[in-house]
Amino acid sequence: MSKTYETVIGLEVHVELATKTKIFCGCSTAFGGAPNTHTCPVCTGMPGSLPVLNKQVVEYAMAVGLATNCTITQYCKFDRKNYFYPDNPQNYQISQLYLPICRNGGVEIETSAGKKVVGIHEIHMEEDAGKLVHDEWEDVSIVDYNRSGVPLIEIVSEPDMRSAEEVIAYLEKLRLIIQYLGASDCKLNEGSMRADVNLSVRGVGETEFGTRTEMKNLNSFKAIARAIEGERARQIELLEEGKPVIQETRRWDDNKEYSYAMRSKEDAQDYRYFPEPDLVPISISDEWIARVKARQPEMRTEKMERYQREFGLPAYDAEILTGDKAFADLFEATVALCGRPKKVSNWIMVETIRMLKDNGMDPDEISFSPEHFAKLVELADEGAVTNTVAKEVFELVFREDIDPDAYVEEKGLKTVSDEGALRAAVEKVIAENPQSVEDYRNGKEKAIGFLVGQTMKAMKGKANPGLVNQLLRELL
Amino acid sequence: MEDLKTKQKNVISDETIEYVGILAKLELSDEEKERAKRDMGEMLDYIDKLNELDTDGVEPMSHVFPVNNVFREDVVTNGDGSEATLANAPERKDQGFKVPKTIG
Numbered sequence: 000m001s002k003t004y005e006t007v008i009g010l011e012v013h014v015e016l017a018t019k020t021k022i023f024c025g026c027s028t029a030f031g032g033a034p035n036t037h038t039c040p041v042c043t044g045m046p047g048s049l050p051v052l053n054k055q056v057v058e059y060a061m062a063v064g065l066a067t068n069c070t071i072t073q074y075c076k077f078d079r080k081n082y083f084y085p086d087n088p089q090n091y092q093i094s095q096l097y098l099p100i101c102r103n104g105g106v107e108i109e110t111s112a113g114k115k116v117v118g119i120h121e122i123h124m125e126e127d128a129g130k131l132v133h134d135e136w137e138d139v140s141i142v143d144y145n146r147s148g149v150p151l152i153e154i155v156s157e158p159d160m161r162s163a164e165e166v167i168a169y170l171e172k173l174r175l176i177i178q179y180l181g182a183s184d185c186k187l188n189e190g191s192m193r194a195d196v197n198l199s200v201r202g203v204g205e206t207e208f209g210t211r212t213e214m215k216n217l218n219s220f221k222a223i224a225r226a227i228e229g230e231r232a233r234q235i236e237l238l239e240e241g242k243p244v245i246q247e248t249r250r251w252d253d254n255k256e257y258s259y260a261m262r263s264k265e266d267a268q269d270y271r272y273f274p275e276p277d278l279v280p281i282s283i284s285d286e287w288i289a290r291v292k293a294r295q296p297e298m299r300t301e302k303m304e305r306y307q308r309e310f311g312l313p314a315y316d317a318e319i320l321t322g323d324k325a326f327a328d329l330f331e332a333t334v335a336l337c338g339r340p341k342k343v344s345n346w347i348m349v350e351t352i353r354m355l356k357d358n359g360m361d362p363d364e365i366s367f368s369p370e371h372f373a374k375l376v377e378l379a380d381e382g383a384v385t386n387t388v389a390k391e392v393f394e395l396v397f398r399e400d401i402d403p404d405a406y407v408e409e410k411g412l413k414t415v416s417d418e419g420a421l422r423a424a425v426e427k428v429i430a431e432n433p434q435s436v437e438d439y440r441n442g443k444e445k446a447i448g449f450l451v452g453q454t455m456k457a458m459k460g461k462a463n464p465g466l467v468n469q470l471l472r473e474l475l
Numbered sequence: 000m001e002d003l004k005t006k007q008k009n010v011i012s013d014e015t016i017e018y019v020g021i022l023a024k025l026e027l028s029d030e031e032k033e034r035a036k037r038d039m040g041e042m043l044d045y046i047d048k049l050n051e052l053d054t055d056g057v058e059p060m061s062h063v064f065p066v067n068n069v070f071r072e073d074v075v076t077n078g079d080g081s082e083a084t085l086a087n088a089p090e091r092k093d094q095g096f097k098v099p100k101t102i103g
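Keeping their order, the protein sequence lines are chains V and U. Under numbering that gives the first Met the number 0, the first sequence has 194 at position 195, and the numbering climbs by one with no breaks. Under numbering that gives the first Met the number 0, the second sequence has 47 at position 48, and the numbering climbs by one with no breaks.
Think of the hints as simulated: they come from the structure by calculation, not from any bench. Just so it is clear, CB atoms sit at the ideal spot from N, CA and C, and this is done for glycine as well. Treat each hint with caution, since some may be false.
What the hints assert, rightly or not - DSBU-like mimics (lysine-lysine), calculated; alpha carbons at most 30 Å apart, straight line: (1) V:186 x U:97; (2) V:80 x U:24; (3) U:100 x V:186; (4) U:100 x V:80.
Said to hold, decoys possible - Stretches of chain U that chain V covers, calculated by requiring three or more beta carbons in the stretch to come under 8 Å of a beta carbon on chain V: (5) 34-40; (6) 62-70; (7) 77-87.
Chain V on its own, in the form it takes in the complex (with noise of 0.2 Å):
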């Protein structure tokens, strides 16, 4: 009798955003501070104190939300919401409810499914909480309020996702924009981007919405990925034995792979919302905001057109290269340096692409310096260094952001082009391998491969292939 199902799912983004301070006071946002240390009587919510908003937060959320197509509340204002937890000391979030700044946009993705938009209800600007630390020897919980009064933005999406694929998708489309912007770095592991997912599922065909449930504590793309499957499963099973689902916060156990309720009917979610009434409203003038359209740096769709019309990249290119920002920046601060478009996006897609593989790293970890790169990217493609050499080089610049110059020269590794000396070792090779000498003299050209691969060998890598090709030839 199995029934076939729909996901519908919606998203709630929390989005950390890059300014140097709070969003109410001057307190630094710096990461990793010791606790309580950037604290003010304004995070902390002592009586009396007068929050003051950072324009630069305003800023941000209209950069994001011109860049997700959305319509800007130019009359827009602070809301409180009301509860009662240990990581908010003023016992209220300052928010927005009534007068988001952004409503109304939406995001192309591209899944398996093909093209569709992602619609975005809105984007409100709000306060962060401090955090809670579990104290490993005693019963109780340490508080650092930091973290208290870092901006945030929230993009709330529309029910718009039907799987997993198209959540990361959106996800994706999200923090690259977001990057592009410079509004934060979006990482998940470390909480500056976060995902509430709220999912509910109906027989396919139903117009109606089934009852849905919001699961939090998701911090990476493959716990998400986790906890729709498991989500959707366990509301099918639900209504498979004609049970309710109940509408309810969940908290994802990513070891587990299982979700738990987390709140529970006697703490009703009753926010009492009100305008806040130590901040005065914002209007956001039409010139304010062609301000801020007009700084818009260039976006990924521009980019990548602009990589094949300037530097005559292929498509291919320059989708890899600003797939990540971390790439597209660091490919255009070397081309400034050393020229040599196609053979900087090679080093990147390639050599690059392989060690943050091989080292479990994500592209912004990328540590060494453009003058670095450009230097080992004109040592190989001048032919100073073998392709060998290079890569060997490029390992240490990638580890250890090396002078490929200085080491090139210390280690003594530039190409022998010395006819001499290169002679001297065909000959030796020559010598010592008579049945491939012989197997080419009979018209394997194949054998001479191997021999160019000895003389090579005996060089240590660094003797110019082209030039013992040509000596092999001859002295054959």
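Place chain U on chain V using the hints.
Chain U in isolation, oriented as in the chain V frame:
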């Protein structure tokens, strides 16, 4: 107006006062509950009076003063505030506020 004079005052139920108490994290004695019910009823009566006004087409006002756009620049102005902040901690541990175990 006739209606209003004869209209019964707002009556707050025991359930409502219990619920509001939970939301506000307050434990009230029976005597305090009765007083709170009376006070809240009177407040709602006053709101009813305001509701008599025809406010169709009037923008809701959230602020008294016609002031918009008060901003600060994104510049760090505060230094290490941990001592002042922690001075208010009933108990502290490892530079943090020590609270009963709370699971997020």
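Hint-by-hint comparison with the structure:
A C-alpha spacing of about 29 Å is found between residue 186 of chain V and residue 97 of chain U, which places the hinted pair at or below 30 Å, so the restraint holds. For a cut-off of 30 Å, the pair hint linking residue 80 of chain V to residue 24 of chain U stands: about 15 Å separates their Cα positions. For the hint pairing residue 100 of chain U with residue 186 of chain V, the CA-to-CA distance comes to about 28 Å; that is within 30 Å, so the pair holds. A C-alpha spacing of about 24 Å is found between residue 100 of chain U and residue 80 of chain V, which places the hinted pair at or below 30 Å, so the restraint holds.
Counting residues of the region 34-40 of chain U whose C-beta sits closer than 8 Å to any C-beta of chain V gives 0, which falls short of three, so the coverage hint is violated. A count of 7 residues in the region 62-70 of chain U with a Cβ less than 8 Å from any Cβ of chain V is obtained; the coverage claim is therefore met, three being the minimum. Here the region 77-87 of chain U counts 8 residues with a CB under 8 Å from a CB of chain V, which clears the bar of 3, and the coverage holds.
When each numbered hint is compared with the structure, a violation occurs for hint 5 only.
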